[in-house]
Amino acid sequence: MRKKAFSVRIFKEIIRDPLSYIFCLGFPLIMLVVMTLINDSIPQETGMTIFRIDDLAGAIAVFGLTFIMLFVCLTAAKDRLGAFLVRLYATPMRSGDFIVGYTLPAFLLAALQTVITFAVSEAVSLFTKVELHLGGLALAAVSLFPTMIMFISLGLLSGTLFSEKAAPGLCSVIISLSSFLGGVWFDADRTGGVLLKISKALPFYHSVKVARLASALEFEGFGKHFLITVVWAAAFTTAAVFVFKVKMRADIK
Amino acid sequence: MFGIETRFLTKKYKDKTAVDQMNITVNEGELFALLGVNGAGKTTAIRMLTCLCRPTSGECYIMGKNCLTESNEVKKLVGISTQETAVAENLTVCENIRMFCGIYGYSQEKTVRVTDKMISLFNMEDVKDQRAGTLSGGWKRKLSITLALIGEPKVLFLDEPTLGLDVLARREMWKIVRALKGKITIILTTHYMDEAQELADRIAIMANGKVMALGTLCELESLSGEKGLENSFIRIVGGGK
Numbered sequence: 001m002r003k004k005a006f007s008v009r010i011f012k013e014i015i016r017d018p019l020s021y022i023f024c025l026g027f028p029l030i031m032l033v034v035m036t037l038i039n040d041s042i043p044q045e046t047g048m049t050i051f052r053i054d055d056l057a058g059a060i061a062v063f064g065l066t067f068i069m070l071f072v073c074l075t076a077a078k079d080r081l082g083a084f085l086v087r088l089y090a091t092p093m094r095s096g097d098f099i100v101g102y103t104l105p106a107f108l109l110a111a112l113q114t115v116i117t118f119a120v121s122e123a124v125s126l127f128t129k130v131e132l133h134l135g136g137l138a139l140a141a142v143s144l145f146p147t148m149i150m151f152i153s154l155g156l157l158s159g160t161l162f163s164e165k166a167a168p169g170l171c172s173v174i175i176s177l178s179s180f181l182g183g184v185w186f187d188a189d190r191t192g193g194v195l196l197k198i199s200k201a202l203p204f205y206h207s208v209k210v211a212r213l214a215s216a217l218e219f220e221g222f223g224k225h226f227l228i229t230v231v232w233a234a235a236f237t238t239a240a241v242f243v244f245k246v247k248m249r250a251d252i253k
Numbered sequence: 001m002f003g004i005e006t007r008f009l010t011k012k013y014k015d016k017t018a019v020d021q022m023n024i025t026v027n028e029g030e031l032f033a034l035l036g037v038n039g040a041g042k043t044t045a046i047r048m049l050t051c052l053c054r055p056t057s058g059e060c061y062i063m064g065k066n067c068l069t070e071s072n073e074v075k076k077l078v079g080i081s082t083q084e085t086a087v088a089e090n091l092t093v094c095e096n097i098r099m100f101c102g103i104y105g106y107s108q109e110k111t112v113r114v115t116d117k118m119i120s121l122f123n124m125e126d127v128k129d130q131r132a133g134t135l136s137g138g139w140k141r142k143l144s145i146t147l148a149l150i151g152e153p154k155v156l157f158l159d160e161p162t163l164g165l166d167v168l169a170r171r172e173m174w175k176i177v178r179a180l181k182g183k184i185t186i187i188l189t190t191h192y193m194d195e196a197q198e199l200a201d202r203i204a205i206m207a208n209g210k211v212m213a214l215g216t217l218c219e220l221e222s223l224s225g226e227k228g229l230e231n232s233f234i235r236i237v238g239g240g241k
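From first to last, the protein sequence lines are chains Z and A. The first sequence begins at 1 in our numbering and counts up one residue at a time. The second sequence begins at 1 in our numbering and counts up one residue at a time.
Hints were generated in silico from the structure; no laboratory data involved. You may find that some hints are simply not true.
Result set (DSS-like, lysine-lysine): computed pairs, CA atoms no more than 25 angstroms apart in a straight line [stated by the list, open to error]:
1) Z:K247 / A:K76
2) A:K110 / Z:K3
3) A:K16 / Z:K12
4) A:K16 / Z:K253
5) A:K65 / Z:K253
6) Z:K245 / Z:K4
7) Z:K4 / A:K16
Label-pair distances were calculated between CB atoms; the ranges are [what the hints assert, rightly or not]:
8) A:Q21 / Z:G26: 30 to 36 angstroms
9) A:F2 / Z:A111: 48 to 54 angstroms
10) Z:G26 / A:T25: 57 to 63 angstroms
11) Z:K247 / A:T69: 20 to 26 angstroms
12) A:Q130 / Z:G135: 44 to 50 angstroms
Since this is a predicted model, take the numbers as computed values, not measurements. Glycine is no exception: its CB is placed at the ideal position from the N, C-alpha and C atoms.
Let the sequences and hints guide you as you build the complete structure.
This is the structure:
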């Protein structure tokens with residue numbers, strides 16, 4: 001009951017913020033269309049397919065999730081700044097209620113965002129005459145569940161650790177890093193060397209791989225990448241829960 | 001059983017003592033005012049009594065429950081309206097009330113009943129569908145007190161509930177507090193002497209974390225040798241300077 005009450009509040013807080021539509025939906029969809037237009041200008045003989053809708057759809061879905069992270073982070077940081085969270089500490093709310101309350105609505109929004117991104121990708125594919133498997137997109141959406149949890153936990157972690165002013169800055173760094181090292185805007189596999197090693201050591205590369213492989217219904221290497229995203233999601237969730245509990249305890253010392 | 005009892009309650013932050021060996025008892029149904037200049041320790045005392053911070057030493061009890069060892073029980077007994085109007089800004093008045101009903105585990109039916117009751121009790125019909133962030137200061141305070149009452153507390157803490165309100169809004173707030181008087185134990189902190197004089201059964205005057213004097217208005221007047229609460233307060237806190 002307490003979890004539901006707090007989840008409903010967080011859900012409403014996010015969907016009533018106009019910026020969430022601009023960043024969580026508008027920006028990724030604009031990038032989807034812009035990159036498709038850029039793809040049209042790339043000569044076929046270059047063999048570059050990174051901006052083709054079948055490659056782009058999954059990558060943009062991961063890119064969009066980084067903005068869900070930003071909004072979870074902002075909501076948690078704002079709550080901590082004001083007296084509202086402190087007031088709730090004096091009610092029967094427990095740390096688990098807060099954590100589920102932040103995570104559940106964000107997960108629903110992340111799933112909705114992914115579905116919309118893939119629906120728009122499907123529409124774009126009709127214009128570009130590049131075939132997109134509906135089954136592949138559905139599988140990609142489900143395969144991204146651990147990535148959704150991972151970004152939400154990262155948002156909660158940043159929002160708990162940093163102030164309302166510092167946290168968005170940190171999230172911007174994560175957004176840039178995840179799209180750059182994750183290979184959203186280029187094929188990370190072609191970079192090689194240290195850059196590729198760093199990409200592989202971080203979770204974002206694997207999330208993009210999972211989305212691309214699933215949407216193309218290619219299963220070679222899929223299991224490995226998926227498992228890595230599950231491990232990262234578990235690690236960030238554990239860290240977020242631990243830090244939130246420690247901070248809550250410190251707040252009432 | 002006392003509504004509130006503190007025994008040598010102390011809170012220290014590094015080398016600063018925010019509350020120093022506080023010993024008070026507040027009877028059930030009593031309206032007890034805590035007066036003091038800024039930094040006197042009023043809010044820290046309230047934070048310890050509502051389990052929002054731990055005492056460095058000493059003990060405090062709400063309806064016989066220890067705030068330190070039985071905090072989950074204590075949280076079911078208290079309601080707090082903090083100095084800052086802590087409401088969910090993007091939710092409407094009704095949604096704020098419903099959220100708190102959910103936090104206290106009320107059924108759908110009870111939630112509807114409590115929401116209607118609170119809206120009517122606080123005359124909030126005109127603003128019930130308005131987002132809290134767009135309300136005036138007075139309405140926000142009203143909502144804040146409403147939220148503090150949703151858990152049907154036995155002890156209500158009102159931390160400077162009329163701070164920054166205009167004279168009409170203050171009087172409206174007094175009416176609300178008066179209506180609650182006798183039904184639940186209320187701890188009121190305020191900087192306004194007239195407010196304490198008007199509403200409180202007993203008054204404690206704090207300075208530098210210590211309770212300097214405690215009693216009814218008459219008792220404080222006779223203790224200080226001054227007429228009126230403001231003069232008594234100045235005499236007790238400032239030593240007549």
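Under the constraints set out in the numbered hints, which ones does this structure not fulfil?
3, 7, 8
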